[in-house]
Amino acid sequence: MKSDITKVTTHINPNEALIFERSQPGRIGYRLPPLDVDEQSINKLIPKEFLRDDDLEGVPEVSEVDVIRHFVRMSTWNYSIDQGMYPLGSCTMKYNSRLNEKVARIAGFAGLHPLTLAEDAQGALEVIYQLQEDLAEITGLPGISLQPAAGAHGEMTGVMIIRAFIDARDGEGGSAKRRTMLIPDSAHGTNPASAHLSGFSVKTIRSTAEGLTDLDHLRELCSVGDVAGLMLTNPNTLGLFERNIKEICRIVHEAGGLVYMDGANMNALVGVARPGDMGVDVIHLNLHKTFSTPHGGGGPGCGPCCCTKELEPFLPVPRIIKTPTRRGSDRTEGAPDVSTSQPTRYNLDFNYPQSIGRVKAFFGNYGMMLRALAYIQTHGYDGLREATEAAVLNARYIAHGLTSDYEKPFDAPPMHEVVFTDKRQTRKGVHTLDIAKRLIDYGFHPMTIYFPLIVQGAMLIEPTESVGRQELDQFIEAMRSIAREAVEDPELVLNAPHSTRIGRLDEAAAARKPVLRWKPKQAASTAQ
Amino acid sequence: MRYIPNSPDERADMLEQIGVASTEQLFESIPENLRLREHLKVPAAMSELELLKRFEDIGTRNQAAQRISFLGGGAYSHYTPTIVDHLISRSEFFTAYTPYQPEISQGTLQAIFEFQTLVCQLTGMDIANASMYDGSTAMAEAVLMAERVTRRSKVIVSSAIHPQYLEVAHTYVQHAGIDLRHALYCTELGTTLPESLSALDENTAAVVVQSPNFFGCIEDVSALAEKAHNAGALLVVVVTEAMSLGLLRSPGACGADIVVAEGQSFGVPLSYGGPYVGLFATRDKYARQIPGRLVGEAYDKHGRRGFVLTLATREQHIRREKATSNICTNEGLIALAATIYLETMGRRGVQEVAHQCAQKAHYAAREIEKLAGFSLPFSAPFFNEFVVRAPASASPMLDQLAKEKGIDGGIALSRFDSERPNDFLVCVTETNTREEIDALVDGLASFTAPV
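As you go down the protein sequences, you meet chains A and B in turn. Residue numbering for the first sequence follows my numbering, beginning at 524 and increasing consecutively. Residue numbering for the second sequence follows my numbering, beginning at 302 and increasing consecutively.
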């Protein structure tokens, strides 16, 4: 029997049109207080040639209700951490606490203008200072700038610091001979891109069959004499700790270079080991990974840059300092202030003539700093270590659970993430992409795929500490089930996902003739 | 720890199941001498009650957050509809990653596509990216892009650009082989002097100008574009007060080749300077040179429309050191806030806010100008910010105004230029009531007597 229901609206239809297609002339979504000053003809205030004459044609006209429904419907198309496991390798998709969101919205912070004088923004500066102190302790590197807005921005800052240090140490002539940045073949793409921005050319270091930096190749590259530094991720993007890290740092240092560590994988180390103790000179952190500030569908991030005492003079300005400063530079617990009679003040210090300069207006992504500090204080020292332990255990649990069905290219036990490949499944024509898409049907967000580039058909899985055992078991079961399907019914996997509202999109066609914005003439032909 | 689902017992079971003897053994690939033997010297864990109280207490030490404010200079107080924060707080948006899996990320992807469209409409440009970190880094990226597009190495920047933006540009280009030259501004008009573009020649990649500029003055963008184009250079226009786009002729209509802006005015809290959102727009022909992520339309095999990240071959994860930028994470959630803001306010709302800003700012300027000893040193037209010259040093006067009347009356320009001791920058938005403006004027009136 045919249904008698005639829908009045299409609101149950999840296919939400673009807002521009929903727009109706005359709809209003706002109300302002009436203008309360004497109004003058706008042409009298600003000459006509400087005024818009297009009447903002095309900007939507919708009601508040339209906007709410539009975004709520669109939101239902997204997978998110709050729905379940989001095992993107090297992305650390951990729980984003609501408490941290609340902290960032406290009026005293959210309403504070960045050009407020330091004396009227003491609370805001105290937060920056405290976070600097905590990150210095966590990384073992005392010089900190919170200015960079994301990981790649922190990398750029760190590499520019290396450049400035070498320029100062070797003089112009000496420095000009050091223009090589060494980067392992397993590195994240931002590493070479950031090195390039600082005027370095990149030489790639091979990984060994074990998945670690090839020391012989490193020595060979260092013997040329042109090495400014090494950019290393540790644990590396295969999830393996570079156990020769001290030796690696020694080789680079003896060759006159510095060691930059990409801190994307710090979730494996917090409270367990510190880059500063390993010989690393400078590192960036991703507060949006390790310290749980939300990814927000692609940012905002925050990419603090932490470095040794030696590199500190080159950090971006302004630095946030505390006066009176503590005696000496040690971080001994409970070290007394120089003078207790002077009240504690937080200040901006611009007096760093060797600084690489400012990398961003104002102080960086301040709202993320509040969240990260709240994360640290909610965990405390024991909770931070507990999170690391739980994250590594979860990854090891998955590694253990999947070895029987998927090829694990490296034997070494992984840290917080583990890489598998599609080698066994490709025999039936099923590839990593297909496995990832099929995982969606099982209710999971796929893992990171085809990265790192050195592993053919890579599937990089990072569960984080925010996943319980039952869900890990379900994930393992889903992956094993897909492995069976790949043998018994490969078509099922090849055509996945089957449960989503939209199928695989033709990305090649999209790139050939890119349509990057809505235009009125399209509206009729594409609205559903 | 309440954010970790597995209890200690469950974890012990899991260890046993995978054949690992102890938690410590999980870390055996880290050489023993590198493993911490003591706990980190960070405070012990706090409860939610304690933590909130602590942050609220610290927040009260930011006295300025409570004041009536006329501060602008790259960050602006505008009204934000309640639904903006509500919608960006939905789990599906704020706890999602970059939309690498389009089948389960259409919410984010469609929102970015709408964002790109809105940025194009406001700036008058053909295409826009998914966002940059902020206005200052967007400007630096525009300088780098101009060099790529033109293969020329000199870039002329107006000295009436926000001083911090100029600093960021200097940092970005210091190793890129780009020669940054400054063009002077006219001390009477307050705008960039066409004659100061004398360095403009066949080696010039771009002229970069901010409008309204740091002093609030509206630049003659069309004239500057013509001048740049005559030399084969691009014109890059920077906007820090994006609300001005609701009223002023778009940079695109004035001939700009790249437009970058700070989008904070569109529903984003001041939050002591970030996170904000950089807007980046350009012409169609430069689509493959633009930095950052782009979302484009795509179809599945049933012909259903969707959206995907596209033209990725420009980006670092494919091109590595040859990428158009090193940017990866951008400002997704803040771009979403701006999108929701713009759609809620809509065509008429953006126009009305811009109109009110201009009307109120001009009212304030008229009233301040009437005060004995006060003047407006620049004669160029302005939108909602203007420079006031006080009869005495501005800095102590503004201090006193803040402490005694609870009004942040403006930004002393001596903080950026020691040769402007008496000047300060006043910003007025739709959130400032007439009462507040009158209170500012009254407050300033007490300084009219010779000090």
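Any given hint might turn out to be false.
[To be verified] In silico negatives: residues of chain A with every beta carbon more than 12 Å from chain B:
| # | residue |
| --- | --- |
| 1 | R628 |
| 2 | E656 |
| 3 | D739 |
| 4 | V747 |
| 5 | R1003 |
| 6 | E1011 |
| 7 | P1013 |
| 8 | R1024 |
[As the list claims (entries may be wrong)] Pairs of lysine-lysine residues, derived as DSSO-like cross-links and limited to a Cα-Cα distance of at most 30 Å, are as follows:
| # | chain 1 | residue 1 | chain 2 | residue 2 |
| --- | --- | --- | --- | --- |
| 9 | A | K1044 | B | K455 |
| 10 | B | K455 | A | K946 |
| 11 | A | K931 | A | K946 |
| 12 | A | K700 | B | K586 |
It should be emphasised that the hints constitute simulated quantities derived from the structure, not laboratory data. We put the CB at the ideal spot given by N, CA and C, even for glycine.
Evaluated hints:
{"no.": "1", "hint": "R628", "result": "violated (8 Å)"}
{"no.": "2", "hint": "E656", "result": "violated (8 Å)"}
{"no.": "3", "hint": "D739", "result": "holds (20 Å)"}
{"no.": "4", "hint": "V747", "result": "holds (18 Å)"}
{"no.": "5", "hint": "R1003", "result": "holds (16 Å)"}
{"no.": "6", "hint": "E1011", "result": "holds (23 Å)"}
{"no.": "7", "hint": "P1013", "result": "holds (18 Å)"}
{"no.": "8", "hint": "R1024", "result": "violated (8 Å)"}
{"no.": "9", "hint": "K1044(A) / K455(B)", "result": "violated (40 Å)"}
{"no.": "10", "hint": "K455(B) / K946(A)", "result": "violated (51 Å)"}
{"no.": "11", "hint": "K931(A) / K946(A)", "result": "holds (9 Å)"}
{"no.": "12", "hint": "K700(A) / K586(B)", "result": "violated (38 Å)"}
The earlier numbered hints that this structure contradicts are 1, 2, 8, 9, 10, 12.
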